[in-house]
Every structure is written in C-alpha cells, then in structure tokens.
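A.B. asks: Place chain B on chain A using the hints.
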Amino acid sequence: MSQKVLLNAKEINIILHRLACQLIEKHNDFTNTVLIGIQPRGKFLADRLAQILKDDYKIKHIQLGHLDITFFRDDFRRGEKPLEANTTEINFIVEDRNIVFIDDVLYTGRSIRAALTAIQSFGRPNEIELLTLIDRRFSRHLPIQPDYRGRQVDAINKEKVKVNWVENEGEDAVYLVEA
Amino acid sequence: MSELSVNHLLGIKYLNSKDIQLIFETADHFKEVINRPIKKVPSLRDITIANLFFENSTRTKLSFELAEKRLSADVINFSASQSSVTKGETLIDTVNNILSMKVDMVVMRHPNPGASVFLSQHVKASIINAGDGAHEHPTQALLDSYSIRERLGHVQGKNVVIVGDILHSRVALSNIFALQLQGANVMVCGPKTLLPKYIDKLGVKVETNLKKALQWCDVANMLRVQNERMDMTYFPSTREYTQQYGVNKALLNSLDKEITIMHPGPINRGVEITSDVADSKQAIILDQVQNGVAIRMAVIYLLASKIKH
Numbered sequence: 000m001s002q003k004v005l006l007n008a009k010e011i012n013i014i015l016h017r018l019a020c021q022l023i024e025k026h027n028d029f030t031n032t033v034l035i036g037i038q039p040r041g042k043f044l045a046d047r048l049a050q051i052l053k054d055d056y057k058i059k060h061i062q063l064g065h066l067d068i069t070f071f072r073d074d075f076r077r078g079e080k081p082l083e084a085n086t087t088e089i090n091f092i093v094e095d096r097n098i099v100f101i102d103d104v105l106y107t108g109r110s111i112r113a114a115l116t117a118i119q120s121f122g123r124p125n126e127i128e129l130l131t132l133i134d135r136r137f138s139r140h141l142p143i144q145p146d147y148r149g150r151q152v153d154a155i156n157k158e159k160v161k162v163n164w165v166e167n168e169g170e171d172a173v174y175l176v177e178a
Numbered sequence: 000m001s002e003l004s005v006n007h008l009l010g011i012k013y014l015n016s017k018d019i020q021l022i023f024e025t026a027d028h029f030k031e032v033i034n035r036p037i038k039k040v041p042s043l044r045d046i047t048i049a050n051l052f053f054e055n056s057t058r059t060k061l062s063f064e065l066a067e068k069r070l071s072a073d074v075i076n077f078s079a080s081q082s083s084v085t086k087g088e089t090l091i092d093t094v095n096n097i098l099s100m101k102v103d104m105v106v107m108r109h110p111n112p113g114a115s116v117f118l119s120q121h122v123k124a125s126i127i128n129a130g131d132g133a134h135e136h137p138t139q140a141l142l143d144s145y146s147i148r149e150r151l152g153h154v155q156g157k158n159v160v161i162v163g164d165i166l167h168s169r170v171a172l173s174n175i176f177a178l179q180l181q182g183a184n185v186m187v188c189g190p191k192t193l194l195p196k197y198i199d200k201l202g203v204k205v206e207t208n209l210k211k212a213l214q215w216c217d218v219a220n221m222l223r224v225q226n227e228r229m230d231m232t233y234f235p236s237t238r239e240y241t242q243q244y245g246v247n248k249a250l251l252n253s254l255d256k257e258i259t260i261m262h263p264g265p266i267n268r269g270v271e272i273t274s275d276v277a278d279s280k281q282a283i284i285l286d287q288v289q290n291g292v293a294i295r296m297a298v299i300y301l302l303a304s305k306i307k308h
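Those protein sequence lines, which keep their order, are chains A and B.
Per numbering that gives the first Met the number 0, residue 0 is the first one in the first sequence, and the count goes up by one each step.
Per numbering that gives the first Met the number 0, residue 0 is the first one in the second sequence, and the count goes up by one each step.
It is worth saying that the hints were derived from the structure and are not from the lab.
It is possible that some hints are incorrect.
[Stated by the list, open to error] Here are the simulated SDA-like cross-link-like pairs (lysine to any residue), alpha carbons at most 20 angstroms apart as the crow flies: (1) K307(B) <-> S120(A); (2) K30(B) <-> T86(A); (3) K39(B) <-> G122(A); (4) K38(B) <-> V165(A).
Extracted from the complex, chain A is given alone in its bound form (with noise of 0.2 angstroms):
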C-alpha cells in the first residue's frame, strides 16, 4: 500500500480560508444560513470552518449541526456488516433556512444523496448547497456537484483519498492511498 501527499497542512489551512470567504461572499452575516456536517468524516471539516468563520472573520452567528445518515444510505444489508450510526445533532429549525451540506471527499454522490433525504425529516429547508475539500472527478454515480470545492482530485477507483485532521489523527493532510 503506498501513499502520495495531495495536501499538506499549510494548503489546507490556505484552502479552508478561501472556502470560509466564498461562503461569506454568498451567505453574508450568516443570519439565515446553518452549515451541517455530514457525519461521520464530515464533522471535522464543518467544526473546522466554523471556527475559521467566527475566530478569523468575526461572524458571530454561526449555526452548525451535525448529520448522520446510516438509516438513509441505499446500501444496507449490501456490505457485509450492519452500518454503524452516528450522533445527529440538529439543534434548530431548519424550515425555510439556508443549508450548507459540508463533507470532506465528494465521490460517487451516494452519501449525498441520503443527506438530502435525511435533512428532509427535520422540515423543508429554503435551498440547500454543497461544500466539499475534495471533489473527486469523473467518478459520480447520480447527477450532484458541489457548489464551494477545495481541490479536485483524478484518481482511479481502487485509489481512496483520506483527509486527515489534527482533531482525529493528530495532523492536517490529504493522502492518496493506493490499495
């Protein structure tokens, strides 16, 4: 199994700063807007740009929550153990608000997919956007896109991308990992 280094911590710090503006460009003082991590890899991307958001550029109303998806994905009983389910945490009303999906690899759209299902349970949101720190090309299975991306990656299918965070695995960097 060998590795490549797509980013390492300082692109990513450079990264997550422009994505931070581009929501600012778009979603203004934030006032009717909520980010949601997509669980389970999604939430540190989404913690981490909320944190950027409030300390680096002063915003101070920032609603955040977290999304878990298992009992929505098309796969169950596919794989060969039970899916595993995380917390959701959605502590406000998502009707008629503005959501911003936050997920660190876009691959074949499928989790995606299930979120915009499961958001669904909470109320009937106003629009709803996609951010991702790596857009993996070519490789969609159903017709979804991100509207706010890091990075796009070429990689083939046995090829996996994994983005690590300080939070989790003690460093910021993006690898390819060759299986």
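C.D. replies: Leaving out everything else, chain B in the frame of chain A:
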C-alpha cells in the same frame, strides 16, 4: 462495526453482554430519530415482517408494529383467533405458508414456552420472540434495562428487585438474565407460592418481605398478578396480596432513599401498585413504553442487517 452474535432474538439467554451493549447504542440513535418531526427512516424498505400473535397483546404488538413502520418495513399482522389455527393447522405449516409470501422476519408471541426456539429450527426466517408462555420476553427485558440505564446512568452494580408473580412471568426470567449479564444484583420478592422452587439456583436473592426488599434495592420492577395463567389459588385474596405485596406511597415514603419504580404493564391499579405511585415522578412506566419502540427498532435493524437475499 460489531454485529449481533445471533440471527434470531429468542431469549436473553442466547445473548452476550456485547450484544446488549450494541442494541443499547443502536437504540440511542433510534430514540433521537423518533423525536424528530418526521419519525421515519427508510432503512428497511425491502424487508417484510409478519407479526404473529397467538396470544393477546396490546402494548407489545403496537410497539413492534410502530417500530417496524418507523423503519419503513412492510408489515403484516396475524392473530390466531381469526385464523386457520382454529381449523387445526400446525404452527410450522402456518408460518411456512406466511413465509412463502416472501416474508423475511417473524415476530411471534405464543402461549407455549419454547415455541420461538422450535420455530427457528424449522423455518427460514429471522425470528423475534415477543413472549413465549412463562419462558422469555427478551425485548421487554432489554427495554427495562435500557430504561434503568437512562434513569440511573448504568445498570452495573445496581440492586434490582422484581416483585410479584415470578412463577408465571416471562418478564421476570428475561430480566434476571439481562440484569445479570450487565452486572446488576437481582432479587425476587413475592409470596412463596408465586416463587419458583429453584429460583435461587439462578443466582438471585430471594425475599418474602416487601419492605426489606425495597430497602435493599435501587429499582423495583413490579409485576402484574397474572390471573389468567393461574390454574389454582396461589394466595387467599387479592386484598391480602395487596396488603403484603402492593406498593403504595406511604411505604415508599417510609424508606430512607428514593427508589425507581418500573412496571411492564398492563397495570392493575390498586393491586400491585397504587395510582399515586404509578403516576409519581419515581415511576418510569411511560418512559419504558417510549423506550420500547427504540429498543425494538434497534433489534429489528440489527437482525435485518444479517439477512442475506
């Protein structure tokens, strides 16, 4: 992720402590789901479940049906009184006929102990025991332990007394197994005639004095006197039973601590428990009912994930 060590839920006897842990963690997620504005997830949309009730039930049947529907499974209901069972069809034939309509899972309540074990050996479907005679009622025991965990933080090391008709109770047996698996201390309390002869062999304390039992425990699980299962007289009168083994507010106030009161339902108000206790903050009877749906969703979800088409 870990998975259940079993393909059927026939009794707590067949589970290990990791299974119980996994069911509780999964139920935590479903409890969050059933408190959403839309309480339904599409996980089990390709699963069909048959609820076979050869014995009366309201709570358990509704709870299972709701759990199945919240998971988007297709549900068919069957009760023995309106079926060909009265025409002499055997259990295996009845179930196989239902299964040939492409049913994946069977939830069964049956008056005979061991009926679900027997069924699991003869038919191809995942079986969930919803009560078999005076044998086991595993989902009730799971939701009882889950409710204790929710109220007191954990089950390990807690003192739990099961009061009343132990002899005819499947809830008692399943609870004893479940509580012991999780490291709780279990006592049974009731009139000698309603305690099975060798119950102490299960490693439980036996007490015939209710006040002493309540003084010892953190949680008291009050069982119903099952008049319908009694083929002879086990105590002189209901009034005498209530005097000896009924819990009332005065008795609870005379203890030097506040204990948690549980009841699997249906309650005979004024017999094993008075209304002021049943409706007090010490009682978690309605929490038990709410947790029942989450626990059953977890059990069905985990067993369904093991079905391979």
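A.B. asks: With reference to the structure, classify each hint as holding or not holding.
C.D. replies: Hints, verified against the model:
1. A hinted pair counts as satisfied when its Cα atoms are at most 20 angstroms apart, and K307(B) with S120(A) does not qualify at roughly 28 angstroms.
2. At roughly 11 angstroms between alpha-carbon atoms, K30(B) and T86(A) fall within 20 angstroms of each other, so this suggested pair holds.
3. Restraint check for K39(B) and G122(A): the C-alpha separation of about 13 angstroms stays at or below 20 angstroms, so the hint holds.
4. A distance of roughly 35 angstroms separates the Cα atoms of K38(B) and V165(A); the hinted pair therefore is violated under the 20 angstroms criterion.
Hints 1, 4, counting from the list given before, are not met by this structure.
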